[in-house]
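J.: Put together the whole structure using the sequences plus the hints.
2 protein chains.
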Amino acid sequence: MDQQVGKQSLRFTKAPFILESASMGGKKEGEGPIGHQIDVVGEDDRFGCDKWEEAESTLQKEALTLAMGKAGVKPEQIRYLYAGDLLGQTIATSFGLLDFEIPLFGVYGACSTAGESLGLASMAVAAGYADLAAVVTSSHFASAEKQFRFPLEYANQRPLCSTWTVTGSGAFLLCNEDFLRKREKKPQGRGVRITGITTGKIVDYGVRDSMNMGAAMAPAAADCIYSHLKDFQRDPSYYDKIITGDLGAVGQEILIELLRQRNVDISGNHTDCGLEIFDNEEQGTGSGGSGCGCSAVTLSAHFLPKLRSGELKRILFVPTGALLSKISFNEGQNVPGIAHAVVIESEG
Amino acid sequence: MDQQVGKQSLRFTKAPFILESASMGGKKEGEGPIGHQIDVVGEDDRFGCDKWEEAESTLQKEALTLAMGKAGVKPEQIRYLYAGDLLGQTIATSFGLLDFEIPLFGVYGACSTAGESLGLASMAVAAGYADLAAVVTSSHFASAEKQFRFPLEYANQRPLCSTWTVTGSGAFLLCNEDFLRKREKKPQGRGVRITGITTGKIVDYGVRDSMNMGAAMAPAAADCIYSHLKDFQRDPSYYDKIITGDLGAVGQEILIELLRQRNVDISGNHTDCGLEIFDNEEQGTGSGGSGCGCSAVTLSAHFLPKLRSGELKRILFVPTGALLSKISFNEGQNVPGIAHAVVIESEG
Chain G
2 MDQQVGKQSL RFTKAPFILE SASMGGKKEG EGPIGHQIDV VGEDDRFGCD
52 KWEEAESTLQ KEALTLAMGK AGVKPEQIRY LYAGDLLGQT IATSFGLLDF
102 EIPLFGVYGA CSTAGESLGL ASMAVAAGYA DLAAVVTSSH FASAEKQFRF
152 PLEYANQRPL CSTWTVTGSG AFLLCNEDFL RKREKKPQGR GVRITGITTG
202 KIVDYGVRDS MNMGAAMAPA AADCIYSHLK DFQRDPSYYD KIITGDLGAV
252 GQEILIELLR QRNVDISGNH TDCGLEIFDN EEQGTGSGGS GCGCSAVTLS
302 AHFLPKLRSG ELKRILFVPT GALLSKISFN EGQNVPGIAH AVVIESEG
Chain D
2 MDQQVGKQSL RFTKAPFILE SASMGGKKEG EGPIGHQIDV VGEDDRFGCD
52 KWEEAESTLQ KEALTLAMGK AGVKPEQIRY LYAGDLLGQT IATSFGLLDF
102 EIPLFGVYGA CSTAGESLGL ASMAVAAGYA DLAAVVTSSH FASAEKQFRF
152 PLEYANQRPL CSTWTVTGSG AFLLCNEDFL RKREKKPQGR GVRITGITTG
202 KIVDYGVRDS MNMGAAMAPA AADCIYSHLK DFQRDPSYYD KIITGDLGAV
252 GQEILIELLR QRNVDISGNH TDCGLEIFDN EEQGTGSGGS GCGCSAVTLS
302 AHFLPKLRSG ELKRILFVPT GALLSKISFN EGQNVPGIAH AVVIESEG
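Heads up: the protein sequence lines correspond to chains G and D, in order. Throughout the first sequence, residue numbering follows the numbering used here, covering 2 to 349 in sequence. Throughout the second sequence, residue numbering follows the numbering used here, covering 2 to 349 in sequence.
Because the hints were derived from the structure by calculation, they are not lab data. There's no promise every hint is true.
[Said to hold, decoys possible] No farther apart than 25 Å at their CA atoms in a straight line, the calculated lysine to any residue pairs in the SDA-like style are these:
| id | chain 1 | residue 1 | chain 2 | residue 2 |
| --- | --- | --- | --- | --- |
| 1 | G | 52 | D | 150 |
| 2 | D | 8 | G | 129 |
| 3 | D | 8 | G | 78 |
| 4 | G | 327 | D | 49 |
| 5 | G | 327 | D | 327 |
| 6 | G | 75 | D | 6 |
| 7 | D | 327 | G | 156 |
| 8 | D | 52 | G | 211 |
[Claimed, not checked] Listing some non-contacts, in silico: residues in chain D with all C-beta distances to chain G over 10 Å:
| id | residue |
| --- | --- |
| 9 | 37 |
| 10 | 41 |
| 11 | 71 |
| 12 | 155 |
| 13 | 185 |
| 14 | 258 |
| 15 | 272 |
All residues carry an ideal CB built from backbone N, CA and C; glycine is no exception.
T.: Right, dumping it as structure tokens:
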């Protein structure tokens with residue numbers, strides 16, 4: 002019964018399974034260190050569309066279709082869909098997921114959306130509100146640059162601290178134990194479950210540089226990870242990996258230092274999806290990858306297989322978001338951050 | 002145990018209470034038919050701010066502060082906050098709710114956000130994930146016109162079918178029975194509970210006119226209400242009122258006709274928050290009020306008191322959203338709709 006843990010965490014007594022997942026990536030993502038693990042990599046970043054926003058919608062549609070195909074489930078079996086993206090009014094989601102006709106909870110948590118959505122979907126499955134639920138998030142380099150910074154044609158120079166928005170989408174199917182046991186087709190490898198979550202607060206350290214998102218998000222990541230460890234009374238070493246979403250190299254350094262100031266050392270087991278998905282030196286991606294797609298693709302393509310194989314037993318997945326818009330940025334507002342932590346463990 | 006009802010609905014066995022709520026409105030809202038019921042009405046629509054977006058953030062901050070004040074609760078007692086607005090990257094929410102330091106689930110459902118957020122918060126409280134949770138949504142006429150249509154200075158003419166974005170915010174505190182019983186301060190009047198929800202799907206009838214949102218949203222409202230009645234095997238007469246969010250006069254007519262074609266007659270007990278909040282003829286508000294604030298303010302100021310007094314026993318509250326952005330509109334995309342239904346009942 003004791004589901005509420007500490008001040009802002011939940012422990013699921015009926016922990017949902019990640020039944021299946023799928024990832025889509027763009028050309029650059031395909032050329033990166035985990036490119037060979039991404040399910041489908043596009044030849045260009047248009048994915049057969051005329052507009053960048055439509056291309057991003059296509060990424061979401063294909064990622065969910067692929068996850069359903071792998072799992073052998075149909076849209077009508079999915080009770081609720083939790084999804085979001087970075088674009089104004091989350092249009093990549095609205096137009097990408099329209100055709101599935103699945104009841105939809107639209108989510109906005111900037112680049113933390115994968116963490117927020119996995120959290121909400123886990124809550125629903127663990128509570129018995131859904132036997133099967135889906136999570137989809139995406140980002141696209143070109144639609145994000147257009148939305149937040151400059152038109153691509155302007156070819157602006159990028160500071161080294163800037164991150165590179167990942168073109169990609171990840172989709173996840175979450176189910177309860179009953180649903181899994183009843184299926185003829187079992188997922189390969191070990192069962193992987195979401196056993197708890199820590200929902201983050203907005204944290205504002207006064208960063209105003211939209212070209213340095215790592216610095217904007219690191220304080221929120223530190224706050225969420227610190228709260229998580231405190232709520233669960235765990236040491237960082239409980240986890241094989243603590244994996245933030247898209248802090249990049251600059252944000253990673255700040256995160257580790259902020260936690261060290263609070264006597265928590267994650268330097269030994271921290272990594273960041275933005276550092277896994279690109280080789281910054283080889284690929285010219287500045288501080289690392291970013292976007293709602295960054296953490297979702299890296300979790301699906303790179304970390305879930307390691308959990309299925311048993312190479313990893315327990316991870317803390319912490320997607321990080323920078324809360325800004327073109328308007329708030331132009332009006333001189335700060336860029337506050339938010340992060341949401343998800344505990345993912347492999348069975349047996 | 003049987004919480005899942007039909008294809009897309011939930012019945013809460015431990016139905017959460019609406020502990021308290023509060024509403025903020027602009028000048029025009031204050032002059033409308035329910036103006037005297039809104040908790041705080043601004044003298045102008047700036048609420049002491051220089052920018053429209055900041056004014057909207059202030060509306061959210063004040064609405065939540067007011068609801069907490071009425072209930073005598075502190076931010077640290079609120080376990081989770083579910084909130085959203087219409088602006089790109091939901092900045093009214095990010096900057097309005099930052100200071101409360103409450104773990105936040107950011108939500109985007111266009112003008113259906115109040116329904117989606119109340120649904121998610123109810124799910125959390127009913128499942129035992131939170132003893133007390135909060136919901137906040139807002140909209141602002143000036144920030145929305147700037148975001149979706151034309152600068153106000155342009156003074157464009159508006160067709161009669163267009164709706165008028167409500168300047169306002171509503172905040173709701175949801176709690177479980179234990180939390181309510183333990184309090185010394187009881188809410189006045191009868192207990193009001195959220196006993197079920199029906200989560201909507203995106204519905205696209207091909208409407209492309211961003212000046213006729215009622216027509217864009219009516220098909221989604223019809224689909225959600227039809228599914229709700231089917232899932233719960235209820236007749237429309239089960240409800241004293243079926244209350245959509247912001248269809249306005251044009252959308253109302255379409256909704257009633259669409260349901261009539263499916264042999265469901267809601268003409269006797271349907272109303273729309275957009276028709277309650279403004280007197281279209283007197284106030285020149287076209288087809289009626291709209292926005293995330295419209296349904297939230299009208300529920301808090303007008304309908305909840307009627308449920309507390311027993312004048313209404315059961316309502317179906319169905320906020321409606323039009324899924325568009327400046328970009329999707331300019332790129333010639335349709336305006337699909339979504340709607341989320343919440344069953345609200347008074348005790349005894």
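J.: Which hints, by number, does the structure contradict?
T.: none
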